[in-house]
Amino acid sequence: MLAASTTTLPLFLALSACAGPNPLAGPPPLSADVRALLRAVAAEQNLISLYNRTMAAYSALVPDLTPLLAEHRAHLAQLRARIIEPPGKSVPGKVTSKPAIPGTPAAALAQLRTAEQAASIAQLRRLAAASPSLAQLYASIAASEATHVTMLDVRSSR
Amino acid sequence: MPTMPATAGELQALQAALAAEHAAVYGYGVAGALLSGADQARALTDWQAHQEARDTLQAMIIKLGATPVAASAAYELPFPVRDAGSARRLAAALEDGVTQGYLGLVAVTNQTLRTFGALAMLPPAKRAVAWRGSTVAFPGMPSAR
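Respectively, the protein sequence lines represent chains A and B. Residue numbers 10 to 167, in our numbering, belong to the letters of the first sequence in order. Residue numbers 801 to 945, in our numbering, belong to the letters of the second sequence in order.
Be aware that one or more of the hints could be misleading.
Claimed, not checked - Partner residues are not named here, just some residues of chain B that face chain A (Cβ under 8 Å, in silico): (1) Ala841; (2) Ile862; (3) Gly865; (4) Tyr875; (5) Val881; (6) Ala907; (7) Ala918; (8) Met921; (9) Ser934; (10) Pro939.
Unchecked claim - A partial selection of chain B residues facing chain A, derived with a Cβ cut-off under 10 Å: (11) Thr807; (12) Leu835; (13) Ser836; (14) Gly837; (15) Ala838; (16) Gln840; (17) Ser872; (18) Arg914; (19) Gly917; (20) Leu922; (21) Val936.
No lab work stands behind these hints, which were simulated from the structure alone. In this text, a Cβ means the ideal position worked out from N, Cα and C, and glycines have one as well.
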């Protein structure tokens with residue numbers, strides 16, 4: 010069976026000018042797989058923000074949502090570990106999407122469910138341009154997010 | 801069902817996924833005998849799902865001109881299975897193994913097979929959660945959980 014590793018082959022993130030044939034030409038453009046990785050990082054940051062704000066709004070949901078949030082933090086850590094940041098530069102940590110938290114816990118859970126489902130589909134769309142190792146990470150995260158949908162359905166049905 | 805010329809690595813990954821499905825079919829036979837009621841009904845449904853997945857993989861491998869790996873006569877269980885609790889843990893472990901088997905397909909460069917593997921991971925990952933009652937951060941990646 011092919012190895013499933015989350016630690017091999019980190020991708021270089023060209024955030025600064027680097028030594029090359031023409032140092033005055035500016036930083037090289039980001040490759041497709043690095044751009045996809047940055048989008049995956051941003052998506053995890055958005056999900057983490059959504060979980061944090063949902064839990065802040067509805068404390069009764071905290072016990073059920075805490076394990077799912079912890080897994081998103083693990084996803085983010087693994088995705089960020091694939092990026093080598095040049096000294097003095099870092100991967101943007103900004104949340105790019107901040108939807109309002111709905112007015113009821115049920116609606117808030119439904120919003121999380123929709124976000125998880127969309128995130129899972131987005132991970133699967135990243136497979137084509139990814140290295141084998143990174144594709145496995147995307148697929149595993151997609152599966153994790155699909156299981157989160159299941160858990161949110163269970164919570165909603167109570 | 802994907803059709804494509806396959807490399808040795810792709811065939812190897814398909815065979816590994818098939819081997820995991822064979823193990824699951826066997827293991828559910830053990831687990832199901834120790835379960836009752838709704839759990840036994842769920843085990844039966846899951847057992848049938850693995851039989852269908854096994855048949856799909858076998859057909860894919862035959863279509864590629866290779867011989868599908870055969871099921872073993874018996875499998876060593878990962879831990880003693882003597883009651884309903886251990887049977888449920890076995891079911892979760894079987895699903896983890898199948899998820900891991902399909903993750904191997906995601907590492908191939910053939911995009912059709914890669915997508916097939918990624919999509920095939922979803923049902924066993926969800927079934928593992930149903931049996932375990934909790935999620936894991938990285939389904940199919942035991943070293944990263």
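Verification of the hints:
With a cut of 8 Å, the hint placing Ala841 (chain B) at the interface with chain A is violated, because the nearest CB-to-CB distance is about 18 Å. For Ile862 (chain B), the suggested interface contact is broken, since its CB lies about 20 Å from the closest CB of chain A, more than 8 Å. Among the interface hints, the one on Gly865 (chain B) is violated; its C-beta lies about 21 Å from the nearest C-beta in chain A, farther than the 8 Å criterion. For Tyr875 (chain B), the suggested interface contact is broken, since its CB lies about 16 Å from the closest CB of chain A, more than 8 Å.
The restraint placing Val881 (chain B) at the interface with chain A is violated, with a minimum CB-CB distance near 23 Å, outside the 8 Å limit. Evaluation of the Ala907 (chain B) hint against chain A yields a held restraint, the C-beta minimum of about 4 Å falling below 8 Å. The beta carbon of Ala918 (chain B) comes within 4 Å of a beta carbon in chain A, closer than 8 Å, and the hint placing it at the interface holds. Interface hint status for Met921 (chain B): upheld, as the beta-carbon distance to the closest one in chain A is roughly 5 Å, under 8 Å.
Hint status for Ser934 (chain B) relative to chain A: holds, with the closest Cβ pair at about 7 Å, below 8 Å. Checking Pro939 (chain B) against chain A: minimum C-beta separation of about 4 Å stays under 8 Å; hint holds. Interface hint status for Thr807 (chain B): violated, as the beta-carbon distance to the closest one in chain A is roughly 12 Å, over 10 Å. The beta carbon of Leu835 (chain B) is not positioned within 10 Å of any beta carbon in chain A (closest approach about 20 Å), and the interface hint is therefore violated.
For Ser836 (chain B), the suggested interface contact is broken, since its CB lies about 22 Å from the closest CB of chain A, more than 10 Å. A hinted interface residue such as Gly837 (chain B) counts as satisfied when its beta carbon comes closer than 10 Å to some beta carbon of chain A; here the least separation is about 19 Å, so the hint is violated. Nearest Cβ of chain A to the Cβ of Ala838 (chain B): about 15 Å, over the 10 Å cut. The hint is violated. Restraint check, Gln840 (chain B) versus chain A: the minimum CB separation of about 20 Å is more than 10 Å; hint violated.
A hinted interface residue such as Ser872 (chain B) counts as satisfied when its beta carbon comes closer than 10 Å to some beta carbon of chain A; here the least separation is about 16 Å, so the hint is violated. At a threshold of 10 Å, the smallest CB-CB gap from Arg914 (chain B) to chain A is about 6 Å, leaving the interface hint in force. With a least beta-carbon distance of about 7 Å to chain A, the hint placing Gly917 (chain B) at the interface is held under the 10 Å criterion. Hint status for Leu922 (chain B): holds, given a least beta-carbon distance of 5 Å to chain A, under 10 Å.
A least Cβ separation of about 7 Å between Val936 (chain B) and chain A falls short of the 10 Å threshold, and the interface hint therefore holds.
Hints 1, 2, 3, 4, 5, 11, 12, 13, 14, 15, 16 and 17 from the list above are not met by this structure, while the remaining hints are.
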